[in-house]
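Number of protein chains: 2
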Amino acid sequence: MAKVADKYLKVDPWAVIEEGFDPERNRVSESIFSLGNEYMGVRGYPEEGYSGDTLLGSYFNGLYEEHAIGNHYKGIIRSLRYMVNAVDWLYTRITVDGEQLDLAHSKVMGFSRRLDFRTGTYCRQFVWVLESGKELKITFTRLVSMTMSHLGLQQVAFEPLNFTGEVQVCTGLDFGAVHEERGQSMWRSLRSGSAGGITAIMAETLTTGNRLFSGFVLHSPAELNPCAVERDRFAGQSFRLPLIEGERIHYTKLAVNCADTGNARSQEQLWEEGMKLASAAAGLEAENVFEAQAVYWKEIWETSDICIEGDPENQQGIRFCIFQLYQTYHGDHPGYNIGAKGLTGEAYRGLAFWDTESYCLPFYLFNNPKAARSLLEFRYKTLPEAMQRARDVDCEGACYPIATIDGTESCDLWQHSNLQLHVGTAVSYGIWHYVKNTGDKEFLYSKGAEMLIQISRFYATRGQWGARSGKYGYFGVMGPDEFQLMVNNNCYINLMAKKLFEYTGDALAEMRESVPERFAQLAALTGLRDDELADWASKAEHMKIPADPASGVYEEHDGFFDMPHMDIHSIPVTEFPLYSNWSYDRLYRYDMIKQPDVLMFMFLYNSEFTREAKLANYDYYEPRCIHESSLSPSIHSILASELGKHDEAYRFFEFATRLDLDNYNRNTREGLHTTSIAAAWMNIVYGFGGMRSDAERLSFSPTLPERWTSYSFHVQYEGVLVRVEVGQKGIQLQAVSGGGTEMMVYGQRVSVGPDIVSLPLAEGVVAG
Amino acid sequence: MAKVADKYLKVDPWAVIEEGFDPERNRVSESIFSLGNEYMGVRGYPEEGYSGDTLLGSYFNGLYEEHAIGNHYKGIIRSLRYMVNAVDWLYTRITVDGEQLDLAHSKVMGFSRRLDFRTGTYCRQFVWVLESGKELKITFTRLVSMTMSHLGLQQVAFEPLNFTGEVQVCTGLDFGAVHEERGQSMWRSLRSGSAGGITAIMAETLTTGNRLFSGFVLHSPAELNPCAVERDRFAGQSFRLPLIEGERIHYTKLAVNCADTGNARSQEQLWEEGMKLASAAAGLEAENVFEAQAVYWKEIWETSDICIEGDPENQQGIRFCIFQLYQTYHGDHPGYNIGAKGLTGEAYRGLAFWDTESYCLPFYLFNNPKAARSLLEFRYKTLPEAMQRARDVDCEGACYPIATIDGTESCDLWQHSNLQLHVGTAVSYGIWHYVKNTGDKEFLYSKGAEMLIQISRFYATRGQWGARSGKYGYFGVMGPDEFQLMVNNNCYINLMAKKLFEYTGDALAEMRESVPERFAQLAALTGLRDDELADWASKAEHMKIPADPASGVYEEHDGFFDMPHMDIHSIPVTEFPLYSNWSYDRLYRYDMIKQPDVLMFMFLYNSEFTREAKLANYDYYEPRCIHESSLSPSIHSILASELGKHDEAYRFFEFATRLDLDNYNRNTREGLHTTSIAAAWMNIVYGFGGMRSDAERLSFSPTLPERWTSYSFHVQYEGVLVRVEVGQKGIQLQAVSGGGTEMMVYGQRVSVGPDIVSLPLAEGVVAG
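As you go down the protein sequences, you meet chains A and B in turn.
If you use the working numbering, the first sequence corresponds to residues 1 to 768, in order.
If you use the working numbering, the second sequence corresponds to residues 1 to 768, in order.
Just so you know, these hints were derived from the structure itself, not from any lab.
Treat the hints loosely; a few may be bogus.
If several chains are the same, the list does not tell them apart, and a pair holds so long as it fits within one copy or across any two.
[Said to hold, decoys possible] SDA-like cross-link-like pairs, simulated, lysine to any residue; straight-line CA separation at most 20 Å:
1. Lys74 <-> Ser583
2. Lys74 <-> Leu413
3. Lys471 <-> Met566
4. Lys74 <-> Asn667
5. Lys471 <-> Pro564
6. Lys74 <-> Arg586
7. Lys107 <-> Lys137
Remember, predicted model here, so these are calculated numbers, not experimental data.
I would like the entire structure built from these sequences, with the hints used as guidance.
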């Protein structure tokens with residue numbers, strides 16, 4: 001955990017502000033200043049063209065390319081699909097007196113940029129000092145509409161400070177950007193043209209034939225008289241704007257993008273649909289678009305804000321997290337997922353992992369349950385791919401991929417794709433967690449139960465019986481702790497599989513009783529047999545859960561206790577990250593763990609373990625964990641809070657909300673740690689707030705970090721929006737909307753309604 | 001072991017004979033009819049050009065190309081080196097009346113080919129029936145000289161059966177053949193030309209710049225008046241031969257090839273050296289070359305023949321094995337190694353594995369001890385590369401590569417290259433085995449001891465102490481049994497490391513006492529410290545050797561006894577080979593083993609285990625072994641013989657000598673199983689002959705397979721060439737040359753001299 005903050009940005013409760021332009025830092029800022037609306041996302045790249053270091057990232061959820069892998073072993077993937085960078089709909093080139101603006105070469109003054117959490121806009125401005133000494137102030141404002149998924153808006157304003165003249169602008173839609181890993185543009189132009197003020201282009205990906213229509217219209221108080229500019233993979237318009245000293249002039253580009261990843265439409269249909277959307281966009285006023293965006297965010301903050309008094313940095317940090325989470329995903333499009341970097345970069349190839357259900361789902365579950373359900377719909381939509389994957393690895397049922405964009409396995413390291421089984425149980429846990437906290441039996445009956453059956457089938461065919469132990473378990477696996485590469489009876493996997501079998505059995509029994517006809521339909525659909533149910537129950541009953549009976553410490557896997565000991569504090573700081581500095585095989589030969597494994601299931605099924613068990617396991621595993629996953633510290637912080645280790649809880653929290661703002665991991669340039677910032681939300685609500693959502697009713701055991709005056713957050717529970725405020729004077733709970741509900745606070749049942757309920761903070765729980 | 005013989009070739013005690021041409025089988029025969037002389041090798045491809053399925057393989061020992069691998073983890077190789085196909089010095093094109101010979105299209109009659117073990121030649125003949133009905137008998141004879149490494153000879157004879165006319169021939173040296181895996185020729189032409197009857201070309205590999213000179217001269221009773229033919233990567237001559245009905249006419253091509261893999265010479269020097277060799281070749285008479293070859297082989301058969309009476313198929317088989325072993329390697333060039341396919345194909349990329357010391361060394365040790373030493377010299381020559389590899393994987397000393405052509409690691413599967421440690425101990429075993437049986441202390445002092453020190457350093461830094469057991473061992477390894485991919489405390493690896501440490505300690509102690517000055521030099525050279533010796537002794541003493549005390553069965557690795565059981569006989573025959581038909585991860589989750597692991601060290605250190613221990617372990621592991629390595633059955637056969645399981649011993653032997661002749665594994669097309677055929681020799685000598693070479697003196701406990709009348713073999717031991725004959729009437733031992741020696745027979749010391757010693761066969765040891 002040798003992390004050092006890179007304190008660079010200005011602290012502000014409602015915005016991220018950068019002053020001055022540092023080319024070395026440009027990619028980091030591009031990630032931080034990303035905009036998105038779950039349908040599409042753009043990094044904060046300089047849209048006017050930049051010959052310095054930049055990642056010109058414009059992404060569309062679920063839009064992918066594919067490349068083949070030369071491996072011939074059965075069960076190892078032969079091609080992988082990845083998020084491909086798409087149209088640069090912000091493309092702009094600005095020329096004055098023959099001199100073209102390029103921040104890598106041009107002289108600029110007063111550079112600043114701002115990402116505003118309340119307006120949902122990214123604004124950048126500076127004064128361009130031409131070689132002639134002419135000074136032109138330029139302001140770029142952009143927005144990706146949260147209310148109209150296909151819509152993006154760009155506004156460019158010019159104000160000549162010391163001259164009168166003109167500026168030449170070329171603006172367009174560019175499919176020519178090179179994909180950084182593949183070294184070429186992955187697009188083929190299909191059609192382009194202009195009609196009725198709309199300039200449009202449609203292209204498809206080279207291999208997968210995913211299609212994207214992009215079109216724009218221009219608005220300006222000035223008369224633009226644009227000329228069409230067409231070339232391969234590009235459609236644009238060129239025009240001149242008169243500049244009068246001291247006067248501001250601007251134009252607005254309203255762009256619409258319409259993707260078709262499954263070839264649901266013909267080329268002709270997609271073009272027509274895109275043109276229709278563009279026509280509708282043409283009728284919009286920029287001010288109304290800005291206004292709608294601000295209204296949208298106002299409502300979000302009313303239901304999802306976390307307010308921290310007395311800690312401006314974490315205040316800014318957690319709002320940035322919430323802002324980016326909503327931009328990445330808010331459930332308007334069932335069947336979308338959350339990539340490890342959201343729509344903000346190309347690391348991890350835009351793929352989604354088990355992070356979705358394990359780290360992100362709780363945020364949505366308690367802020368926007370509909371979005372939580374939509375996330376689970378992704379897994380339902382991709383059930384056929386998971387069933388194919390199970391067959392590929394000689395099993396039955398459904399094997400959910402460790403990394404995916406479209407449901408197919410896209411991890412090209414077999415040791416992860418074939419040994420890491422914890423996505424399936426993350427999905428079943430997600431179903432259980434969602435249904436338990438929302439009571440949405442309809443989802444369970446219509447989709448969840450079918451997934452549970454197929455996931456159970458996979459776990460019942462992938463597992464084996466130990467020849468000597470006579471116990472059931474999983475051989476040849478990698479648990480969440482990726483520093484134990486191929487082990488037998490990983491405790492997490494075994495326990496999660498046991499819970500899967502039990503929940504599947506319970507859910508199906510309940511369904512058989514409550515809705516016998518639907519159960520019969522489901523059984524017919526899936527070919528469910530009673531002997532399968534018995535088999536799963538038996539495997540759950542005989543599941544091996546390795547543990548030391550004397551200490552109560554679970555053994556992470558068979559033989560873990562004999563793994564050679566590594567004093568992790570003896571590792572020189574220069575050797576981190578170990579993946580880069582240690583021989584690959586060396587990583588896997590110690591009792592050193594990368595991220596919580598045993599502790600992870602003690603978090604997920606928190607109520608089922610005694611305080612003593614949690615303490616024993618925490619004290620054993622925490623000193624062995626090097627947190628070489630950004631998801632790791634939050635889980636430790638949450639458990640430390642529960643165990644009264646308040647200083648430690650706060651230390652683990654320290655990087656959580658500002659992981660990207662302060663570039664702690666030195667890799668924010670590759671994109672935001674989107675799923676880790678979901679964990680930051682958990683860190684506050686489950687950690688300091690002490691929320692638990694795995695027992696009978698939602699419960700809280702709040703503590704207050706010493707350096708905070710107070711904090712508040714919101715949860716939606718059983719249709720009620722509850723505001724929880726924790727301050728030095730005590731705890732206040734209030735149902736902001738939706739009537740009332742009952743919750744547990746420090747183990748006592750409390751009725752929460754429209755009137756504020758005040759409770760004292762438990763003694764001695766003021767944290768670090 | 002579901003193997004079916006493909007009985008196709010004629011049985012002959014001294015040759016391989018194929019009658020009729022089957023295009024489907026062409027690649028198999030190309031492998032079988034390979035010629036080589038350890039310096040170079042050629043597959044039995046149709047040199048006249050063949051548009052059907054062919055692998056035009058011409059190889060030079062240690063000549064390699066390289067390609068990069070896109071992996072970024074430390075310690076995983078970033079490029080690999082592989083044996084590259086080189087000049088086709090047999091290149092020939094034959095045209096009559098404008099019609100070009102091509103076995104894929106041409107009509108031929110009476111096709112036959114013969115590989116002769118006594119003359120060391122490959123001869124192929126057939127009658128070409130032209131479209132006009134003209135019949136031309138053509139005979140191709142080729143030879144790769146065993147006495148002049150650079151020399152190859154090709155003789156082509158024509159006999160028109162029913163016409164008079166002429167044949168047009170183009171013969172040359174072609175560097176243009178495509179490398180099958182890389183899809184292009186890997187050569188760049190440097191220079192070519194003709195002078196003094198010599199046609200020559202020199203080229204280098206594209207990436208590594210390995211260089212090869214090739215030149216030829218033509219001899220013929222007829223006047224050829226050839227014309228030079230030059231094009232990129234090709235130099236040749238074209239000529240016409242008059243054909244007179246019923247008369248035979250021929251020409252001879254004497255080719256010399258001179259490789260420079262290390263750029264030891266300048267281009268100019270290599271050209272001059274090649275031209276000098278070609279000039280010398282120009283003065284040779286073909287008959288003398290044939291004669292020298294026959295004399296060479298006569299001597300080989302006098303010292304190395306195995307004669308089997310009463311079993312023509314195995315007689316042919318074992319002579320084929322011995323013939324191909326000598327062609328692949330006979331130690332004239334210290335520092336050469338033996339690839340898995342020798343010089344007969346491109347599977348396994350021409351790389352050498354631990355097979356060299358574990359399976360091939362004994363053949364040379366007891367047939368040609370100088371060659372055995374030369375093999376060990378390869379490891380000494382590549383000690384610097386092994387030391388670099390150790391540093392690459394964060395260890396000290398020398399880590400010998402699992403797969404290599406030049407000493408660098410060239411296995412691109414990290415699970416093998418980083419986890420399989422058994423090459424180092426194979427080398428140390430080889431040193432021990434060689435020194436023990438030859439008494440060559442000079443080699444030990446000058447080279448062996450230095451290797452032992454560096455190998456010990458690697459094993460002393462790669463190993464770790466178990467946190468719970470307090471024992472030393474190896475974590476994260478794959479043993480010889482490749483069906484247990486990543487385990488801890490593999491019994492074979494731990495035991496071999498223990499023996500390594502002990503032998504290194506003993507050898508150095510002996511050296512310190514016997515040759516103190518040389519010891520001091522060695523200690524200075526290697527920086528050897530006394531505390532290292534103590535450390536190695538301690539690690540040997542505390543080495544973990546997992547075993548079940550009750551049964552005496554060694555546990556292949558920690559937890560093996562709990563691995564889920566697989567009844568290997570329940571696997572449908574259609575699922576073999578499992579690598580192709582089972583999901584990759586599934587292979588590694590059973591108590592099913594691929595090849596001997598525990599049994600392997602019971603073979604290598606045979607005298608250290610009781611009969612009871614061997615029996616218990618054989619009975620446990622044999623039923624779990626599927627022999628998905630061609631090296632596996634021989635070890636089982638040898639142990640089965642020792643344990644009196646004679647039927648089983650013979651069943652395991654059945655595929656040994658004819659693995660390739662009968663294409664049992666259906667992959668002889670890729671090249672010969674060169675190292676497996678070395679195991680066939682061991683199967684007879686160690687198995688039926690009951691030879692053991694790991695105790696005080698060489699010993700024999702012969703049995704006689706029931707279907708054999710008798711068999712005899714030769715061993716060189718302490719400078720004495722001993723012939724051992726085992727027949728129904730008893731055993732006969734005779735020192736054929738070199739005076740006399742003492743050996744153990746059935747545990748009794750026997751003096752063997754020029755006079756035949758006759759002993760009875762032990763009762764009840766006539767095998768299946």
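The hints, checked one at a time:
{"no.": "1", "hint": "Lys74 <-> Ser583", "verdict": "between (27 Å within a copy, 5 Å between copies)"}
{"no.": "2", "hint": "Lys74 <-> Leu413", "verdict": "both (14 Å within a copy, 15 Å between copies)"}
{"no.": "3", "hint": "Lys471 <-> Met566", "verdict": "between (30 Å within a copy, 16 Å between copies)"}
{"no.": "4", "hint": "Lys74 <-> Asn667", "verdict": "between (34 Å within a copy, 19 Å between copies)"}
{"no.": "5", "hint": "Lys471 <-> Pro564", "verdict": "between (26 Å within a copy, 10 Å between copies)"}
{"no.": "6", "hint": "Lys74 <-> Arg586", "verdict": "between (27 Å within a copy, 10 Å between copies)"}
{"no.": "7", "hint": "Lys107 <-> Lys137", "verdict": "within (12 Å within a copy, 85 Å between copies)"}
Against the hints set out earlier in the document, no violation occurs for any number.
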